[in-house]
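Novice: Quick note, the sequences are listed as chains A and Z, same order.
Residue numbers for the first sequence follow this note's numbering, so the first one is 1 and each next one is one higher.
Residue numbers for the second sequence follow this note's numbering, so the first one is 1 and each next one is one higher.
Honestly, the hints are just simulated from the structure, not real lab data.
Even for Gly, the Cβ is constructed at its ideal location relative to N, Cα and C.
Among the hints, erroneous ones may be present.
Claimed, not checked - Derived DSS-like pairs: lysine-lysine, alpha-carbon spacing no greater than 25 angstroms straight-line:
1. Z:K156 with Z:K92
2. Z:K181 with Z:K245
3. A:K277 with A:K264
4. A:K242 with A:K257
5. Z:K491 with Z:K506
6. Z:K245 with A:K98
7. A:K506 with A:K484
8. A:K245 with A:K181
9. A:K326 with A:K345
10. A:K491 with A:K481
11. Z:K98 with Z:K421
12. A:K421 with Z:K506
13. A:K156 with A:K144
14. Z:K506 with A:K181
15. A:K506 with Z:K421
16. Z:K92 with A:K421
17. A:K421 with Z:K98
18. Z:K421 with A:K491
19. Z:K264 with Z:K277
20. Z:K325 with Z:K264
21. Z:K280 with Z:K242
22. Z:K277 with Z:K242
23. A:K421 with Z:K491
Claimed, not checked - Reference listing, derived: stretches of chain A covered by chain Z, where coverage requires no fewer than 3 residues with Cβ under 8 angstroms from a Cβ of chain Z:
24. 92-98
25. 155-165
26. 266-275
27. 341-348
28. 470-484
Protein chains: 2
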Amino acid sequence: MPLTKSVPVVFYFATRSYPPIRSNLIRNTVGINPRLGIARKIGKQRKKPQTSSSSNSVEEVETFYYTQRLDHFNYRPDSYATFQQRYMINSKYWAGPKSSAPIFAYLGAEEPVDEDINVVGFLRENAPQFSSLIVYIEHRYYGKSIPFGSLKKAMKNANTRGYFNSAQAIADYAAVLLHVKERLSAHTSPIIVIGGSYGGMLASWFRLKYPHIALGALASSAPILYFNSVAPQAGYYYIVTKDFKEASESCYQTIRKSWSEIDKVSKMPNGLSILSKTFKTCSKLDNSFELKDYLDSIYADAAQYNEPPDYPVSVICEAIDAAAKKTDTLGQIFEGVVVAHHGNKSCYDTNEFNLPTETDIGWRWQSCSEMVMPIGHDRDDTMFPPAPFDMKSFVNECRSLYGVLPRPHWVTTYYGGPDLKLILHRFASNIIFSNGLRDPYSSGGVLEDISDSILAVSTVNGSHCLDILEEQPSDPEWLVKQRKTEIKIIKGWIAEYQADEVALNKQVHQ
Amino acid sequence: MPLTKSVPVVFYFATRSYPPIRSNLIRNTVGINPRLGIARKIGKQRKKPQTSSSSNSVEEVETFYYTQRLDHFNYRPDSYATFQQRYMINSKYWAGPKSSAPIFAYLGAEEPVDEDINVVGFLRENAPQFSSLIVYIEHRYYGKSIPFGSLKKAMKNANTRGYFNSAQAIADYAAVLLHVKERLSAHTSPIIVIGGSYGGMLASWFRLKYPHIALGALASSAPILYFNSVAPQAGYYYIVTKDFKEASESCYQTIRKSWSEIDKVSKMPNGLSILSKTFKTCSKLDNSFELKDYLDSIYADAAQYNEPPDYPVSVICEAIDAAAKKTDTLGQIFEGVVVAHHGNKSCYDTNEFNLPTETDIGWRWQSCSEMVMPIGHDRDDTMFPPAPFDMKSFVNECRSLYGVLPRPHWVTTYYGGPDLKLILHRFASNIIFSNGLRDPYSSGGVLEDISDSILAVSTVNGSHCLDILEEQPSDPEWLVKQRKTEIKIIKGWIAEYQADEVALNKQVHQ
């Protein structure tokens, strides 16, 4: 689940992320070829802020490579193999090794880390007031941090893919951060880890597993409860639906009835030609599912990245509603597609969410091995046709794709999940779970405070990972406030840590 | 590091454990063939309590096997291989699935778990008052929980040995415990994990890594600070020395000067024959080191397992001192050897600490891969000749034995270590670190409270793992009190947990 969306070809759909299972589910239901774990990117650039004061269009970072162990949890000779892991440092604001100024560490997720640097502003925007060092670390098997020579080689067989998982990734982060501290003699600098989406899960898990390395974590839009059915399977699409319904009841009704309209037309003689023409598809539709899946992706994407100032859900709904007077249901739906793309295109590519990017390739494997989020449409009260998550066919598909079985219980076994409040109320500390409640993934997020220092910072109108993205002059007050709250909390952690240090030193010297 | 010592052939030296590196160090210094990671057992039975009321001589347990994953942290096809992991259940005292009564889980260490059941009394002695279920789980690669068919096969090459490590072992425990809860419908039962020595480290690490599975941990004599030089390398032998010095200054002086006496005699013509005769060795000594290493082992062992009511250190010192009038220094030392064995034997086997038991084989590998405790004699104020730990030769020896490099930094990277108080003061909860301060391993233990619920429970006169061993009618008051304190703390955790549960349920239903 990458963080953002952006400009070039398709404006709203860049660095976007899907519920990895969703489309697959529909396909299962509709009975077409299976597809798994999609986390696609169409275009890379997020719209740049016009006059943002603190951010640079290109951040001044130095790139380094760390010789990383392939397998932290095994002592087979091949576990000792290494790969070069990329990390980047911005020391522009840092007060230096003796200052004990903090380190902000961005934990990369399922994309090349340099892409994130372009859109994530939280670290560089706040580094000056903390005089902090910034470290961005790339996740193994993405970007330039790929073992076995190339992504193709690394992914080609089960033996080389096996090392590609979250426990290894956070152990990598532990090793890199200790190395950075050592190299820069920054032993007394507390580390705050920051991540978004899957990277947000990693940040919270990192604080839980490596509290001796990270003092605290900002986990933005981290759906850590979307595993092993801790959160309801239908939560994601329930929120997509809610977003549209709140934007416009008539828009919601139009979408809700459009699916059967599509089915009806598709069953007519030349039905697929008619649909292809209505939706100006770049190539003729092979079946009605292809179109439904495309529309589903557009709606989910708009809801997930329903960012100010434009709010794609509103933009789509306004177009759908406005077209009511001049066209029929499917004509209205098409107007939504047009504005989702920011205007007329010569044709619309129903495969635009299925381009096999590195992220797509990597995340599909991760979803099929351990990041099993059972997301389905199984409520009557969504605007989508029912399509419950089917674990059995998911497992079969993964096995046929990768030859190994998914482990849907492993995330909760290793990281926890059920009874989170009961368990963490008196254990752990210093985690911010930030969410925007309009983000469908917030349905798997931590939305209430767990203790005095494990805090939920939610915004009613926020979308996916909005708080850690670059500040924009147009940012609404609630977003500015959310970020300020987060910074205040982090400042509190650091102050408390430093006070503890002083108190302990006094004890030792007494 | 097994827990106890016992009867048959050699009374004081059963299920004993060495500082894994110690002898090796001396050998390095003396320049003889290297030997690594010894955790040997001579005989298995601890002296049985005569009239202990609550313990059974054979505990009523049922044995089960869990189909355990070979590698929790990898998705290679061979990671999916499984082995049968043994665990045992005593449900005699359990109040049943609906009671929410706790589960006491003993985390096995580097020995077959059924051996521990014979000597560890803490769980069954306290189960009645908690109405708790007892689970004993065997550590992978020991006892009947060995992958690849047999220990010989499992240990024969680097590929099959690689899965033998602590992170995998505690992940095993997580899986077994979730399985047991599921199988017995014990979802609401909090788990307290208990272990001693290496098993005590595992217990504390388990609570840190899997707080969602274990509510608390009793870590008896767990030297978690003896890694990566967090604790001083000489700590172990400093305490051995202190134990002897406190027992008798003249005994300490006699031992202290005996090493050069041995060297002196060994350099005489027929010196080794003389030494062999003086010490009644079963076969002629090959060199003086062999004898010195044997004596070193006897002293370390006596200190580590310096249990009431006999207190082997005192027994040895009394014999050494008493012989002063009738013999010379080496004659005195020999009298110590005799009483250490509880009386005259026809001959003394200087290899008795080097028998290749399963524990020895397993722990040598563990010490050479990740459990690298840099224990040396490098202080002038010990009664041993200086022999600092030499990491370089240690690494070389491990490489030549196993073909892979030790990872001396991994334990502290994964589990932490430095600045423990600063880090855990506001993170984590519910761990008891119990120690006996006469146990040389207490030099790597946690000896002061870290927070209100991470507590050190030490006794001035205690030895290794004494608190969790079976109660004896002769147990001194301080030991009885230590156990009571531990039980009181554990009761507090459970009461608090249950109160939290009630409070949370109220919140949910409000």
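Novice: Now, for every hint given, state plainly whether the structure supports it.
Specialist: So, going through the hints one by one against the coordinates:
no.	hint	verdict
1	Z:K156 with Z:K92	violated (40 angstroms)
2	Z:K181 with Z:K245	violated (50 angstroms)
3	A:K277 with A:K264	holds (15 angstroms)
4	A:K242 with A:K257	holds (16 angstroms)
5	Z:K491 with Z:K506	holds (23 angstroms)
6	Z:K245 with A:K98	violated (44 angstroms)
7	A:K506 with A:K484	violated (33 angstroms)
8	A:K245 with A:K181	violated (50 angstroms)
9	A:K326 with A:K345	holds (20 angstroms)
10	A:K491 with A:K481	holds (15 angstroms)
11	Z:K98 with Z:K421	violated (38 angstroms)
12	A:K421 with Z:K506	holds (13 angstroms)
13	A:K156 with A:K144	holds (17 angstroms)
14	Z:K506 with A:K181	violated (45 angstroms)
15	A:K506 with Z:K421	holds (13 angstroms)
16	Z:K92 with A:K421	violated (32 angstroms)
17	A:K421 with Z:K98	holds (22 angstroms)
18	Z:K421 with A:K491	holds (21 angstroms)
19	Z:K264 with Z:K277	holds (15 angstroms)
20	Z:K325 with Z:K264	holds (22 angstroms)
21	Z:K280 with Z:K242	violated (28 angstroms)
22	Z:K277 with Z:K242	violated (30 angstroms)
23	A:K421 with Z:K491	holds (21 angstroms)
24	92-98	violated (count 0)
25	155-165	holds (count 7)
26	266-275	violated (count 0)
27	341-348	violated (count 0)
28	470-484	violated (count 0)
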